[in-house]
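Asks: Top to bottom, those sequences are chains A and B.
When the first sequence is numbered by this note's numbering, its final residue is 342 and no position is left out of the sequence of numbers.
When the second sequence is numbered by this note's numbering, its final residue is 257 and no position is left out of the sequence of numbers.
It is worth saying that the hints were derived from the structure and are not from the lab.
By construction, the Cβ of each residue, glycine as well, lies at the ideal position given by its N, Cα and C atoms.
Heads up, a few of these hints could be off.
A few chain B residues facing chain A, derived, Cβ under 8 Å [unchecked claim]:
#: 1; residue: Glu74
#: 2; residue: Glu91
#: 3; residue: Ser92
#: 4; residue: Gln105
#: 5; residue: Ile111
#: 6; residue: Asp112
Restricting the straight-line Cα-Cα distance to at most 30 Å, the calculated cross-link-like pairs of lysine-lysine (DSS-like) are [said to hold, decoys possible]:
#: 7; chain 1: A; residue 1: Lys7; chain 2: B; residue 2: Lys135
#: 8; chain 1: B; residue 1: Lys255; chain 2: B; residue 2: Lys189
#: 9; chain 1: B; residue 1: Lys79; chain 2: B; residue 2: Lys15
#: 10; chain 1: A; residue 1: Lys149; chain 2: B; residue 2: Lys15
#: 11; chain 1: B; residue 1: Lys255; chain 2: A; residue 2: Lys241
#: 12; chain 1: B; residue 1: Lys247; chain 2: A; residue 2: Lys241
#: 13; chain 1: A; residue 1: Lys242; chain 2: B; residue 2: Lys79
#: 14; chain 1: B; residue 1: Lys80; chain 2: B; residue 2: Lys135
#: 15; chain 1: B; residue 1: Lys56; chain 2: A; residue 2: Lys241
Here are the in silico distance ranges between beta carbons for each label pair [claimed, not checked]:
#: 16; chain 1: A; residue 1: Val150; chain 2: B; residue 2: Ile19; range: 20 to 26 Å
#: 17; chain 1: B; residue 1: Gly31; chain 2: A; residue 2: Ala207; range: 53 to 59 Å
#: 18; chain 1: B; residue 1: Lys23; chain 2: A; residue 2: Ala207; range: 55 to 61 Å
#: 19; chain 1: A; residue 1: Leu249; chain 2: B; residue 2: Ile178; range: 48 to 54 Å
#: 20; chain 1: B; residue 1: Arg127; chain 2: A; residue 2: Leu214; range: 49 to 55 Å
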Amino acid sequence: MLKPASKKPFLLLFLLLMFLCLLNISLGSVPIPFQEILNILTGGIDTKESWQTIILNFRLPKAITAILVGSGLSVAGLLMQTFFRNPLAGPFVLGISSGASFGVALFILGSSLFSGFLITNSISNWSLPMASSFGAFLVLSAVVIAANKVKNTMSILIIGLMFGSLTAALISILSYFSEASQIQQFLFWSFGSLGNLSWNELFIFIAVYSIAILASIGVIKPLNSLLLGENYAKSAGINIKKSRNIILLITSVLTGVITAFAGPIAFIGLAVPHIARIIFSTANHKTLIPAVLLLGAIVMLICDTISQLPASEFTLPINAITSLFGAPVVIWLLIRKKQLFV
Amino acid sequence: MLQTEDLTIGYAQKKGDKIVLSKINIAIESGKLISVLGKNGIGKSTLLRTLSNVQKPISGDVYFEEKSLHSYSENALSKKLSLVLTERLPESQLTVFELIALGRQPYTNWIDSLSAGDIEKINAAMRQTEITHLKNALFYELSDGQLQRVLIARALAQDTAVIILDEPTAHLDMHQTINIFVLLQKLVKETNKTIIISSHEINLALKLSDQIILMTENKVQFGTTAALISQSAFDTIFPDTLLQFDKTIEQFVIKNS
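Isolated chain B (complex conformation) (with noise of 0.2 Å):
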């Protein structure tokens, strides 16, 4: 339903484009939890932010279903895809109820009123996060655990078929990472709407996603962790040799020296 075609993705400048990466060929299946992995700096948000219409490519392009991004409104877009973001949010008075209902505004009228349909879907995706017992709390309040499933729970009251994440366990501990993208895959099971996540947490990605998209120096590969472990993808996404990939375990470890 996503698909990249001879995508390459970067900044333009007037003194030449800044490319980050070039020929990425992948095509992306509904229903599917999948990582983008890579090394720090190597391009995965600006990747995300091509995909989702943030940013422009500087050549190739990005299909959904079949249609060019940029042939979509924005509303139009909207509905399509959701965004979940590592952005600070501005200070309001916002509860999570009000947070979470933004997430219908493509689909509310030209005053933002909610009908009873969206108030279902709000409380639907409320559920889904198990969040609703925060229904009325300060969304500044929250611990950064509660306010990624906050922001997740907005982004499934869009209502599209694609989410994509941008490194949503970045400030979480190793239990609330792991809540997260099990939270990710149960959705994915639930709902059959595809889950694109960059992340860090490589190791837990790797166990749990369906797909990964492994970023490199020179090449983007897709896959099953499987498939890219059997072409000994892993092996060369860190410079150093502190850190090493176990084949057996399909995990990364500490090289004993």
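The following block holds chain A by itself, in its conformation from the complex (with noise of 0.2 Å):
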């Protein structure tokens, strides 16, 4: 395909990023000088030392959490539109987000109930990502066997809306038989959280979502060809199933990691690709998958500059800035667009 976009509103995003970045790092309950921040994040070491470890141990890895967890959710919302040729679809629908929140939920809430298994309660810093993915991976086993047996997209997009009741239900009955602690922890987990990684987790973080994001460049070819609907594309080369099967591979392990370090982050993943459309009004990936990848960091450090609601000790839970930020992005533009796209 063609038409390639002017590189001016890229380069306007990118900009935005950076400019966000920095007032993102430089925004805390600890205030800090600008100057400073500066100095320390170019690798200045004539500061005072509790700077330092703020900056680099917690504002600049929470930075960095949120532009993986926005531009991550964003690329596996596009994936998902376009596969499903429904604008409504995004990481939430496969039931994958649901599944890793079952991961979780069987992780805090069922140790009560399985405490021969679990004897510990405490949650490290890594069991509750591994609880989290292994709940992904088995909505996505479960997704990708059913998706083989039906030939239908629709019903694959239905066979995971199903999926994501099932594990809300198991999660009700977890709840039910669980003592208030363990449930506000659970809760806790479910406002989603882009702070608390170490730069250990971060670099798994980051390599895992390398993959993905560099594994949905090759599958451009397959989306643009999605656009016209299956028979068109398998009638232009395309092989469908390989094509199905990676790209529900690559917005599990999306939607799955992201869930596990952040938690469940809501509309992110349905909101981002429609802003990215009007934007730069084109439904080539070519064009988009790097518009929602910049749009989707963009977007996530707002709602986290937003959440530590600046120049105060408090911090709002992301997921609820987010549901804030997106339902009235899909509302204006439900009603300005009158239409949206694929």
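Each of the two chains sits in its own frame; use the hints to bring them together as a complex.
Replies: As structure tokens, this is what we get:
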């Protein structure tokens, strides 16, 4: 496909991203002079040690997490919307987010039920992401097996929704039998959190994320082809089954790893691809993939900056902010454009 | 070039196959406009889907250039055979040019870049279908007739020896329908492609096609309009007696009661 989008909007978005990144890092409960922040980020040492720790071990990893989460979920959302030819698809609909939540619920809430297996109730940094990835993978496998049995993409969408409902029901049952303190713990996880990631965890996050994003560049051609539907794609020589499995795998891995490290983050995956389509007014994935990567990171950084409630000691749950941001955007899009595209 | 051998078409099901028609033996040559005619539900789409390898035959086989269709890889077949389908396209912001460019996918590299040659083919396809002025229009804003031309251009850009169209005139008025038929006839003459089209526009198809594939309850007949008329093949396609085939004008007419 042709029509290479002009480079200008990309440049502007990139500058905006840089600016937001700096803004995000410079805001927090402890005021640090901007000069010092630049100094620390560029490797200077002539500053207060506590400031250095705050910037390098807390704010910088958090900003990086925001970028990974926002861009990753947006790519997952774009892939889902094109694959299902449905403008309302997103990482949540395949039930993968719910699967990840289920893994975590089983871990936190189920620890009293299965106390024989899980002796400790304390949540280490590692066991939670693993539980979450396990849950995401479980639902993913079920969806992929089901997807290979049915031919119709709409059926896959509905199967995904059903798996989502199933896991939600299982979480309810688990909650019913759990103690208040555990339910509270689970609730806090479900609020989502971009902080709390150590550099070690972040490196694993970055590695998995990079593989998935590179793979998504590899499916640009089948994605473009799917814009005309599966039959045309097939007649243009695209191997539908293979492309379908790769697309599902990318989405699941991205959603799984993001939910594992940051909790279930709503609306970003649904809203950002639409914003990208409006700004760039194209359906070409060669433009849309880099566009959602940038826009997703930008939107997530904005949400995170808002959630810190600048100049206060409180932090709002990030999931509430993304929904507060996302829901009006989708409503506004529908009213203004009258029509959503894939 | 496209041949069927004892072809049985239908749907494979667990409780025994649902057979639509069997013992189909036709041999299609290049440079012909061929119409598939028959009443509603007789299996025109099933036949076209089988000929284009979208659907597997129950038994028998379809051969393209002496090789069985299923021996071709998806990519190899996409360079031989292109489709224009009746299904609604998903709503997207594709422009006419971009949509036609998707026809070049069998030839583009892994990241879907268009070479100068690809662009030339796309422009040629737009010229042949007379839609160059629509180049930058969004496809969902087009009229049905224009969209049909765009889809035909996409198939032309795919640069295949055979183009199969499933009821391209289904939503068109009389004027547009004739236009599409005349366009297809022109394309066959200019490019020596074989174009196979299913249609309910029987009278038009009889006038403009080189050959007819006529589907009735128990058999499939294949030949030129004149040959089929001499076999009185058209007398039995429709069950009721309101419509009658008039051999002198070679058209169907409403019977005066």
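Asks: Hints first: check each against the structure and report whether it holds.
Replies: For each hint, the structure was consulted:
1. Glu74: holds (5 Å)
2. Glu91: holds (5 Å)
3. Ser92: Interface hint status for serine 92 of chain B: holds (4 Å vs cutoff 8 Å).
4. Gln105: Holds, because the Cβ-Cβ distance from glutamine 105 of chain B to chain A comes to roughly 4 Å (cut-off 8 Å).
5. Ile111: holds (6 Å)
6. Asp112: Since the shortest Cβ distance to chain A is 4 Å, the answer is holds.
7. A/Lys7 <-> B/Lys135: Judged against 30 Å, a Cα distance of about 22 Å means the pair holds.
8. B/Lys255 <-> B/Lys189: violated (36 Å)
9. B/Lys79 <-> B/Lys15: The given pair, whose Cα atoms are some 36 Å apart, is violated under the 30 Å limit.
10. A/Lys149 <-> B/Lys15: Holds, because 18 Å separates the two Cα atoms, which is no more than 30 Å.
11. B/Lys255 <-> A/Lys241: Violated: lysine 255 of chain B and lysine 241 of chain A sit about 52 Å apart, past 30 Å.
12. B/Lys247 <-> A/Lys241: violated (50 Å)
13. A/Lys242 <-> B/Lys79: Holds. Lysine 242 of chain A to lysine 79 of chain B sits at ~20 Å (cutoff 30 Å).
14. B/Lys80 <-> B/Lys135: Holds, at about 26 Å.
15. B/Lys56 <-> A/Lys241: Satisfied, since the Cα-Cα distance of roughly 16 Å is no more than 30 Å.
16. A/Val150 <-> B/Ile19: 20 to 26 Å: holds (24 Å)
17. B/Gly31 <-> A/Ala207: 53 to 59 Å: The hint (53 to 59 Å, Cβ to Cβ) holds, given that glycine 31 of chain B and alanine 207 of chain A are roughly 57 Å apart.
18. B/Lys23 <-> A/Ala207: 55 to 61 Å: Holds - the Cβ-Cβ distance for lysine 23 of chain B and alanine 207 of chain A, about 60 Å, lies within 55 to 61 Å.
19. A/Leu249 <-> B/Ile178: 48 to 54 Å: holds (49 Å)
20. B/Arg127 <-> A/Leu214: 49 to 55 Å: violated (39 Å)
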